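K.L.:
Chains A and B are the protein sequences, given in the same order.
Residue 394 is where the first sequence ends in the numbering used here, and the numbering goes up by one at each step.
Residue 393 is where the second sequence ends in the numbering used here, and the numbering goes up by one at each step.
It should be emphasised that the hints constitute simulated quantities derived from the structure, not laboratory data.
These numbers were taken from a predicted model, which means no experiment stands behind them.
The C-beta atom is built at its ideal place from N, Cα and C for all residues, glycine as well.
Accuracy of the hints is not assured; some may be wrong.
Listed below are several chain B residues computed to face chain A (Cβ distance under 10 Å; list not exhaustive) [to be verified]:
#, residue
1, 158
2, 175
3, 331
4, 374
Using 30 Å as the maximum straight-line C-alpha spacing, the simulated DSBU-like pairs for lysine-lysine come out as follows [what the hints assert, rightly or not]:
#, chain 1, residue 1, chain 2, residue 2
5, A, 219, A, 83
6, B, 24, B, 49
7, B, 49, A, 291
8, A, 94, A, 47
9, A, 83, A, 94
10, A, 291, A, 303
11, A, 154, B, 24
12, A, 303, B, 24
The following residues of chain A were derived to be distant from chain B, with all beta-carbon distances above 12 Å [unchecked claim]:
#, residue
13, 133
14, 251
15, 273
16, 309
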Amino acid sequence: MENNSPTAASGKIPFWRDVRVLRILFQVIFLLGVILLLTLLYTNMLKGLRGLGLTLNLNFLQDEAGFGISEGIAYNPSDTYFKAFWVGVLNTLKVSIIGIVCATLMGLFFGIARLSSNWLIRTIAAAYVECFRNVPLLLQILFWYTAVVGQLPKVRESISVFGGAFINNRGIYLPSPEPASGLNTWLWFLGAGLLLAVILYIVRWRQLQQLDRPGFRAKWALPAFLIVAFCGWFLTPGRPFTLDLPALQGFNYQGGMRFTPEFSALLVALSIYTSAFIAEIVRSGIQSVVKGQREAARAVGLKEGQTLRLVILPQAIPIIVPPLTSQYLNLAKNSSLAVAIGFPDLVSVGNTMMTQTGQAIPVFAMIMVSYLIISLTTSAAMNWYNSWITRIGR
Amino acid sequence: MEDQELTQEIKPPTNTKGAARWLKDNLFDTWYNAILTCLALVCLFFALKGFLTWAFTEAEWDVIPANFRLFMVGSYPQEQIWRVWNAIYILSALMGLSAGLWGGLVFRFAVALSGVWFISALLPVELSTRGWCLGAIAMIAVSFFLGRGRTGLRPWILGGWILSFPVIMVVLRGFGENGVLTSNWGGLLLTLILAVVGIVVSFPLGVFLALCRQSDLPAIRWVSTTYIETVRGVPLITILFMGNVLIPIFMPGLDINQVLRMMFGITFFSAAYMAENVRGGLQGIPRGQHEAAQAVGLNYVQTTLFIVLPQALRSVIPAIVGQFIALFKDTSLVAIIGLIDLLGVARSIINNPDWLGLQAEVYLFAAVIYFIFCYAMSYASQDVETGLGIGHI
Numbered sequence: 001m002e003n004n005s006p007t008a009a010s011g012k013i014p015f016w017r018d019v020r021v022l023r024i025l026f027q028v029i030f031l032l033g034v035i036l037l038l039t040l041l042y043t044n045m046l047k048g049l050r051g052l053g054l055t056l057n058l059n060f061l062q063d064e065a066g067f068g069i070s071e072g073i074a075y076n077p078s079d080t081y082f083k084a085f086w087v088g089v090l091n092t093l094k095v096s097i098i099g100i101v102c103a104t105l106m107g108l109f110f111g112i113a114r115l116s117s118n119w120l121i122r123t124i125a126a127a128y129v130e131c132f133r134n135v136p137l138l139l140q141i142l143f144w145y146t147a148v149v150g151q152l153p154k155v156r157e158s159i160s161v162f163g164g165a166f167i168n169n170r171g172i173y174l175p176s177p178e179p180a181s182g183l184n185t186w187l188w189f190l191g192a193g194l195l196l197a198v199i200l201y202i203v204r205w206r207q208l209q210q211l212d213r214p215g216f217r218a219k220w221a222l223p224a225f226l227i228v229a230f231c232g233w234f235l236t237p238g239r240p241f242t243l244d245l246p247a248l249q250g251f252n253y254q255g256g257m258r259f260t261p262e263f264s265a266l267l268v269a270l271s272i273y274t275s276a277f278i279a280e281i282v283r284s285g286i287q288s289v290v291k292g293q294r295e296a297a298r299a300v301g302l303k304e305g306q307t308l309r310l311v312i313l314p315q316a317i318p319i320i321v322p323p324l325t326s327q328y329l330n331l332a333k334n335s336s337l338a339v340a341i342g343f344p345d346l347v348s349v350g351n352t353m354m355t356q357t358g359q360a361i362p363v364f365a366m367i368m369v370s371y372l373i374i375s376l377t378t379s380a381a382m383n384w385y386n387s388w389i390t391r392i393g394r
Numbered sequence: 001m002e003d004q005e006l007t008q009e010i011k012p013p014t015n016t017k018g019a020a021r022w023l024k025d026n027l028f029d030t031w032y033n034a035i036l037t038c039l040a041l042v043c044l045f046f047a048l049k050g051f052l053t054w055a056f057t058e059a060e061w062d063v064i065p066a067n068f069r070l071f072m073v074g075s076y077p078q079e080q081i082w083r084v085w086n087a088i089y090i091l092s093a094l095m096g097l098s099a100g101l102w103g104g105l106v107f108r109f110a111v112a113l114s115g116v117w118f119i120s121a122l123l124p125v126e127l128s129t130r131g132w133c134l135g136a137i138a139m140i141a142v143s144f145f146l147g148r149g150r151t152g153l154r155p156w157i158l159g160g161w162i163l164s165f166p167v168i169m170v171v172l173r174g175f176g177e178n179g180v181l182t183s184n185w186g187g188l189l190l191t192l193i194l195a196v197v198g199i200v201v202s203f204p205l206g207v208f209l210a211l212c213r214q215s216d217l218p219a220i221r222w223v224s225t226t227y228i229e230t231v232r233g234v235p236l237i238t239i240l241f242m243g244n245v246l247i248p249i250f251m252p253g254l255d256i257n258q259v260l261r262m263m264f265g266i267t268f269f270s271a272a273y274m275a276e277n278v279r280g281g282l283q284g285i286p287r288g289q290h291e292a293a294q295a296v297g298l299n300y301v302q303t304t305l306f307i308v309l310p311q312a313l314r315s316v317i318p319a320i321v322g323q324f325i326a327l328f329k330d331t332s333l334v335a336i337i338g339l340i341d342l343l344g345v346a347r348s349i350i351n352n353p354d355w356l357g358l359q360a361e362v363y364l365f366a367a368v369i370y371f372i373f374c375y376a377m378s379y380a381s382q383d384v385e386t387g388l389g390i391g392h393i
């Protein structure tokens, strides 16, 4: 009491009891602690690296990689490490993008099926979701790779789908469109169709604005474009595309598009696993729109389709998009499990680089930066989509 | 009076619910539903027929009983197996006591566990194993009757659960050279250890990180946010590789074994996701709660522990359990690094020349085990949710 009275009299608080000072002091001590820890790790790292006889730089990226990569863009072992890493990045992007499209479609299907009024459909969809999301993805990838794709018949006994596509244990072979002589002419038709579609879209939009009622703006534009494109296909002298059919030559199929067993297994597992989560997101998103909204929409005379498009979805999509985005990011990150079956994605290629050069830290940094860029781009795209779709709904 | 007469006059419709009525309401109420039902039935028929034909005629299930020990405990030495059983008995006793004290969900789990032991005892296993299994059932039953109705014991049992974690670790490891090295831990045992360690450590760490991220001190907020976002931006497998490769580089003096390195990786990874889930709950707490707590004179620690966290965590139980399930599944990634967990055992059996070509059987068995654990967790979460009335508007 005696100690405190002089300070109390002068209206000053001692600095060790002043919250404003303490806040700053506490943060400074905390930051010092963090910096100390990082410095400790850094010096340890330098010591550890010296013990291994390595220096920390990125020069090794210019060296010859010297290892083969089984699929991806054109590459050969005499290319640089940087090129090898780039092949890995593109492979990751390829499987992620195709996987996201497939998972979204399947997830939508099963999510809507879970809300079906049909008991059987509802139950099958629920069983699908529970089965696939409660089993580790890695196990599913290994299952598809060794127990399904690996058990496909040999090349000579390939399963043929309508004589155009072939499935065997070396991969899946699909016919691929090849540009032909008529392509340029057909592109002119497409351009004209697009122009017409834009005009019709604007006309319809104006009309709807004048009528002041909701409607499908592309109602005229879409069929017009399709008709022009379709007619153009047949009016063009020579076909715009020819189909390149895979054909058995020697020991394997040549031509067409080939999906390797690794890619197929990874794609199937990723799509199915993620679709189970997306189905749950879609279901809970649609269910979160209160019942009264649907009933009110029916009461003012909107049709079933209009109710869904104009009332339910605009309210459900803002709820669905954020968790959907994180599922997309999960899919991209989960594609790194490819390393278990030897699909050369960026982690897999990065690992090979690490074992060959011993440059673990720069390679990890490159992997992290790559995923960071993928994550940020995906988030940005989904945020843009979200704001766009919510603006349309209003 | 009139109202009452009216309610009495209007009888509920006669109960027309029968099998036929149910079929008509749920499967054939409209023409397109009828078509859908038929299509689904056809698909289901062929899928089930294909699967059952395979399962009962082609599949060679011998591989499962022959490698059952491997699946469960990996290369844990036979003469030390009593350690595992001791750990199981400790857990069984706690489970039985809790079932007696709390009933409800815990009771159902205790019954299910006893069922598992009973079935295990019926399987063609060694006599000693049968004895251990029946002993476990007896343990659950005895402790159930001991605990029933003695509500005074509740805090002790909770303490016992917390204490059981280090005790079991010591029991499983033993001491020095006479014990079992962690490199010999394997199978489902290793999966469960990794998952439990991950859950037990990453949960408080995640709460701490979330509180840091919500702090009004910028330095702490930035460091926490950087950590969370960096970890969330990277796949787990990269973190595990990093743990494997970088921990020896960053800490050259320490000899940290591989199991421990994987535990570090899984825990630090999961903590970042946990923090995001908890943050969701923290953001849902109205400002007034903090202010009211301050007004009655609680300091920051008291406000956080007694006012904010109980409400915040309650509201995000589903998300947290979802993260636990994800962590449990993610432990399978250590198989890539080279540990022999449940999935690692499955892989090693498939590569064993004695059991070539049995991938489907082995992986299906492992999948069923993973499924049971994940499903049990999500079942428990739903039960707790309905108990607390979360998620109902």
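K.L.:
All the hints need checking, so say for each whether the structure fits it.
P.N.:
A quick look at each hint next to the structure:
no., hint, in the structure
1, 158, "violated, 28 Å"
2, 175, "violated, 30 Å"
3, 331, "holds, 8 Å"
4, 374, "holds, 4 Å"
5, 219/A / 83/A, "violated, 47 Å"
6, 24/B / 49/B, "holds, 26 Å"
7, 49/B / 291/A, "violated, 40 Å"
8, 94/A / 47/A, "violated, 40 Å"
9, 83/A / 94/A, "holds, 16 Å"
10, 291/A / 303/A, "holds, 16 Å"
11, 154/A / 24/B, "violated, 48 Å"
12, 303/A / 24/B, "holds, 25 Å"
13, 133, "violated, 8 Å"
14, 251, "holds, 23 Å"
15, 273, "violated, 10 Å"
16, 309, "holds, 20 Å"
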